[in-house]
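J.: Modelling step: build the complete structure from the supplied sequences, incorporating the hints.
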Amino acid sequence: MKTFKTITLLFISALIFTACNNDDDDASLPVPVNEEEVITTLTATLTPVGSGATVTLQTRDLDGNGPDAPVVTPLGVLQANTIYNVSLVLLNETESPAELINEEIEEEDDEHQFFYQATNNVGMFDYSDFDGNGDPIGLAFTLTTTDAATGTITITLRHEPVKDAAGVSDGDITNAGGETDIQATFNVTVE
Amino acid sequence: MKYYVLVLCCCFFNISQSQNCTSTFFGEVHDFHDGTPIIEASIYIENLEKHTTTDHNGKFSIDNLCEGLITVVVSHLDCDTKRIEIEIKGDTFYEINLEHHIEALNEVTISGASNSKLTKTSQETILKTKTIERYSALNLGDALKQVSGVSSINTGNSIVKPVINGMHSSRLIVMTNGVRLQDQEWGIEHAPNIDINTAGSINVLKGANALAYGGDAIGGVIVLKPSTIKLKDSLYGKTIISGQTNGRGYNLNSVLTKTYKKGWYASLQGSLKRFGDFEAPDYALTNSGLNTKALSFNAGYKTFEQGFNVYYSYLNNEIGILRASHIGNIEDLANAINSPQPLVISDFSYDINAPRQEVTHQIVKAAFYKRFKKLGRLDVQYDFQNNHRFEFDIRVGDDRDKPAVDLTLKTHTIRTSIKLDSKNNVIYEFGLNAGYQNNFANPDTGVRRLIPDYEKYDLGVFAISELKINNNTNLDFGIRFDYNKIDAKKFYQTSRWIERGYDIDFSDIVIDDIGTQLLTNPVFDFYNVSASAGLYHKINDKNSIIFNYGLSNRAPNPSELFSDGLHQSAARIELGDLRIKKETSNRVSGTYSYQNNAFSVNLEAFYNNISDYIFIEPTGVEQTNRGAFPVWSYNKTNAAIFGLDLTANYKFNKQWSFNNKSAFIKGRDLKQNEALIDIPSFKTVNVLGYANQKWLNFNTELQSELVLRQNDFPNNNFEVFIPTTQEMLEIDISSTPPTYHLLHFQSEITIDLKTKTSLNIGLNVSNIFNTTYRENLNRLRYFADDLGRNIKLQLKLSY
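So the protein lines, in turn, are chains A and B.
When we follow the numbering used here, the leftmost residue of the first sequence carries the number 1, and every step to the right adds one.
When we follow the numbering used here, the leftmost residue of the second sequence carries the number 1, and every step to the right adds one.
Hint data in this document are derived by calculation from the structure and do not stem from the laboratory.
Please note that a few of the clues may not be correct.
[What the hints assert, rightly or not] DEER-style ranges, computed between Cβ atoms:
| hint | chain 1 | residue 1 | chain 2 | residue 2 | range |
| --- | --- | --- | --- | --- | --- |
| 1 | B | N717 | A | D110 | 33 to 43 angstroms |
| 2 | B | Q341 | A | R60 | 46 to 56 angstroms |
| 3 | B | N673 | A | D147 | 50 to 60 angstroms |
[Claimed, not checked] Partner residues aside, some chain B positions facing chain A, computed with beta carbon under 7 angstroms:
| hint | residue |
| --- | --- |
| 4 | K230 |
| 5 | G446 |
| 6 | K485 |
| 7 | I514 |
| 8 | G627 |
| 9 | A628 |
We put the beta carbon where it would ideally sit given N, CA and C, even for glycine.
T.: Take a look at the structure:
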């Protein structure tokens with residue numbers, strides 16, 4: 001009889017334990033998280049030296065790493081034999097108001113570098129901004145066009161590249177290493 | 001009254017069988033708990049008044065008996081007296097098991113004795129203290145590889161997940177001092193949070209036949225038990241200290257135990273590990289250091305009749321992840337795979353920078369047991385676990401020191417069981433488990449939650465029977481019912497919600513719409529039935545066989561249901577599926593054992609058929625601003641996994657011995673008719689051993705480890721457009737690394753300093769020839785070679 005009393009007592013205490021656990025219910029709902037490091041939007045504004053129209057190239061991916069593909073300016077039309085001053089604006093538009101990513105890059109400019117590549121000789125690139133060590137950053141640069149051509153321009157931002165590796169300060173990505181933060185390819189035509 | 005019936009029976013037999021009185025009754029008396037012979041047990045044939053005692057092998061024999069029924073009373077000083085009725089028919093052998101109380105008292109564990117098997121009819125292997133001590137500086141996963149058929153899936157060399165017969169993560173149960181470990185075991189890069197130094201012995205059970213621990217252990221169960229506590233007035237301890245060249249670090253472990261004859265005991269254990277960057281043969285593995293702090297306290301009171309145990313353990317692991325494995329997009333991955341060396345190699349350092357993990361695991365347990373005469377034993381246990389996991393990625397700006405993952409998993413469990421073991425031939429055990437789990441994902445990370453906030457409820461009941469048919473045959477049956485409920489609160493990106501088609505199937509679970517994201521409340525109920533059956537048969541003194549069958553069901557884990565997003569370290573987008581159902585495993589296995597004085601062999605075969613097997617496979621490519629990423633989705637198929645594990649030992653003489661462990665395994669996806677991913681390749685380990693007691697207990701081993709290339713793998717390669725080179729490039733993530741062969745050496749001596757103090761000195765060299773190799777089941781094989789040579793000196797002081 002005593003045996004059964006003990007068993008019963010233990011089972012009851014077991015149930016109390018379980019019951020207590022259920023009280024942990026947290027009624028409050030979780031708060032949403034907006035990705036802080038996502039670059040949703042990259043806008044390159046190309047202003048010709050001298051006369052001509054300003055050209056804007058943009059890639060915008062409002063769902064960040066989500067399934068929707070970025071929306072990219074379908075075609076940039078550039079003038080032949082022209083020097084363009086180009087400035088980049090990078091935004092995280094998942095936050096409201098949108099966060100200007102340029103600030104972070106400028107603060108840690110020695111850990112960031114943009115790389116520019118063109119196909120079919122649509123243009124040549126030169127860095128216009130440099131970090132404290134005299135190495136290029138690439139938020140501002142010049143694009144020089146020559147003859148008429150059709151091709152692409154690829155803009156890549158690397159985080160923690162090896163800036164002193166061979167060719168990197170000249171804008172060659174081959175030995176840069178680091179991690180890609182953004183990469184965008186634009187179709188352009190030079191006429 | 002009984003006596004008269006007996007006498008009548010005897011008369012009947014005597015008459016019908018015409019007085020044949022030349023039979024011998026002989027047999028052996030063993031301890032019921034560990035099978036050791038019991039010396040000087042009294043054997044008394046009550047109805048004939050004949051008496052004898054067992055010899056030093058526990059054997060006895062009584063001559064000139066008539067055929068018929070006899071009543072034998074077996075008694076021994078330390079044991080319960082036992083009365084058995086035996087029919088004598090010619091020369092009759094009988095094995096008698098006594099409940100040896102003193103033996104039982106020496107065990108602190110809640111069920112079963114340490115260094116003894118938990119089951120009779122399962123494929124089970126035990127790692128003893130001596131083996132565990134050898135792995136003091138390493139991980140649980142490393143030590144378990146001593147068992148044939150157990151391998152590991154690694155992220156570098158500090159995150160080592162055990163793999164039993166090709167199964168890992170949620171398909172294994174890890175029990176530590178009676179507590180089922182709950183530490184986000186679903187992730188490949190989440191190793192079990194256990195300090196191996198807390199274990200006195202480890203039982204590895206292949207397959208799902210140990211239903212007391214859970215019904216979802218499709219792969220098996222790993223049971224870590226604390227060291228046996230001897231009940232005498234004593235204070236003892238041991239300290240292990242080791243230093244090694246690779247990682248330039250040390251390991252320190254110390255344990256002190258106080259015991260009292262009356263049953264009280266307390267034990268305190270702590271360990272520290274600190275390693276810097278490890279080294280491959282040709283370069284440093286930058287940011288692969290480790291910093292571990294662990295503490296455990298175990299105390300209680302035990303007698304044969306009742307006892308309790310309280311246990312607390314704390315473990316903090318700070319693990320560096322190879323710097324070169326942190327990549328930004330698929331182009332970086334292609335660069336990393338194609339580069340013969342890691343893309344980031346720095347000088348040796350003890351610093352652990354991002355990417356890194358910091359995990360703290362705490363366990364609190366209280367357990368109580370009581371034995372009831374002529375009934376059995378009741379166990380009640382409550383445990384609480386708190387697992388706090390941080391993962392730090394390489395981030396910029398203000399987020400630099402902010403974790404990317406910050407999860408707190410709290411689990412409460414209550415277990416009770418009653419074991420009816422008063423009869424010698426049959427044991428029944430009934431049990432009930434109830435659990436509550438709460439996961440909290442801290443939103444302050446600034447990274448969308450990898451695993452959502454959820455609450456999980458578990459309820460399980462089981463019944464197990466162990467039948468002893470005769471001295472040579474045992475039968476086990478078990479059945480278990482489990483109920484799991486998972487109640488999550490998860491944000492989905494609206495675009496993802498629609499892309500997955502959830503807007504059609506799950507529109508009723510949306511509880512809030514904040515524009516770009518939806519808050520949903522997925523609730524799932526799972527009802528599972530598991531069953532097991534096992535047979536052990538001893539053919540003769542040398543040969544024995546085991547057959548068993550296990551049915552188990554596993555509910556999908558949170559990662560399989562809810563994964564959603566970019567997995568930076570793998571450069572892929574991983575997607576769970578709310579539609580995933582439970583998976584069902586039917587496993588049959590057979591074991592053949594042969595043993596004589598010099599030679600022993602153990603051959604284990606298994607076939608595991610898993611329907612609705614949950615696995616992750618590439619299903620497409622998604623474009624983001626970082627570039628293109630392959631999408632890997634959790635999916636289900638039917639799988640068959642089968643294999644053969646061999647362990648063989650041969651003793652040439654007292655000094656020389658040879659040992660072989662080999663494992664062969666195949667995994668097939670039966671729907672797509674191709675190989676399964678992440679199946680271990682063929683491995684064979686040959687060990688030549690030499691021991692000489694005269695030379696300070698000198699013990700040495702030369703170990704050869706051969707791992708063949710895995711030729712059976714699914715082709716998951718994919719092509720992407722690389723903007724930098726303006727080319728389509730095939731990313732080869734499937735091809736497996738080549739065959740490798742490693743040689744290891746270990747040796748030890750033991751010096752007795754005083755009567756109860758001894759010093760054990762061990763010298764180990766692993767990868768003697770500094771061989772360059774990569775292991776298929778190491779996630780970092782795309783980025784770097786595996787470890788180079790390591791020389792380790794270990795001192796163990798027992799006092």
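J.: Under 7 angstroms, Cβ to Cβ, is where K230 of chain B needs to be relative to chain A, so tell me if that hint holds or is violated.
T.: violated, 28 angstroms
J.: Would the hint on G446 of chain B stand, with a C-beta cut-off of 7 angstroms toward chain A?
T.: Cβ of G446 of chain B sits 3 angstroms from chain A, so the hint holds.
J.: Is it true that N717 of chain B and D110 of chain A lie within 33 to 43 angstroms of each other by Cβ?
T.: For D110 of chain A against N717 of chain B, whose Cβ atoms are near 37 angstroms apart, the range 33 to 43 angstroms holds.
J.: Take a look at whether the Cβ-Cβ distance between N673 of chain B and D147 of chain A falls inside 50 to 60 angstroms.
T.: Check passed, 56 angstroms falls within 50 to 60 angstroms.
J.: Answer holds if the nearest beta-carbon of chain A is closer than 7 angstroms to that of A628 of chain B; otherwise answer violated.
T.: violated, 9 angstroms
J.: Would the stated hint for K485 of chain B survive a check requiring a Cβ distance to chain A of less than 7 angstroms?
T.: violated, 12 angstroms
J.: Is the interface hint for I514 of chain B satisfied, with its Cβ closer than 7 angstroms to some Cβ of chain A?
T.: Cβ of I514 of chain B sits 6 angstroms from chain A, so the hint holds.
J.: Once the shortest beta carbon distance from G627 of chain B to chain A is found, is it less than 7 angstroms?
T.: holds, 5 angstroms
J.: Take a look at whether the Cβ-Cβ distance between Q341 of chain B and R60 of chain A falls inside 46 to 56 angstroms.
T.: Taking Cβ atoms as reference, Q341 of chain B and R60 of chain A lie about 37 angstroms apart, which means the hint is violated.
Taken one by one, the earlier hints fail for this structure at numbers 2, 4, 6, 9, listed in ascending order.
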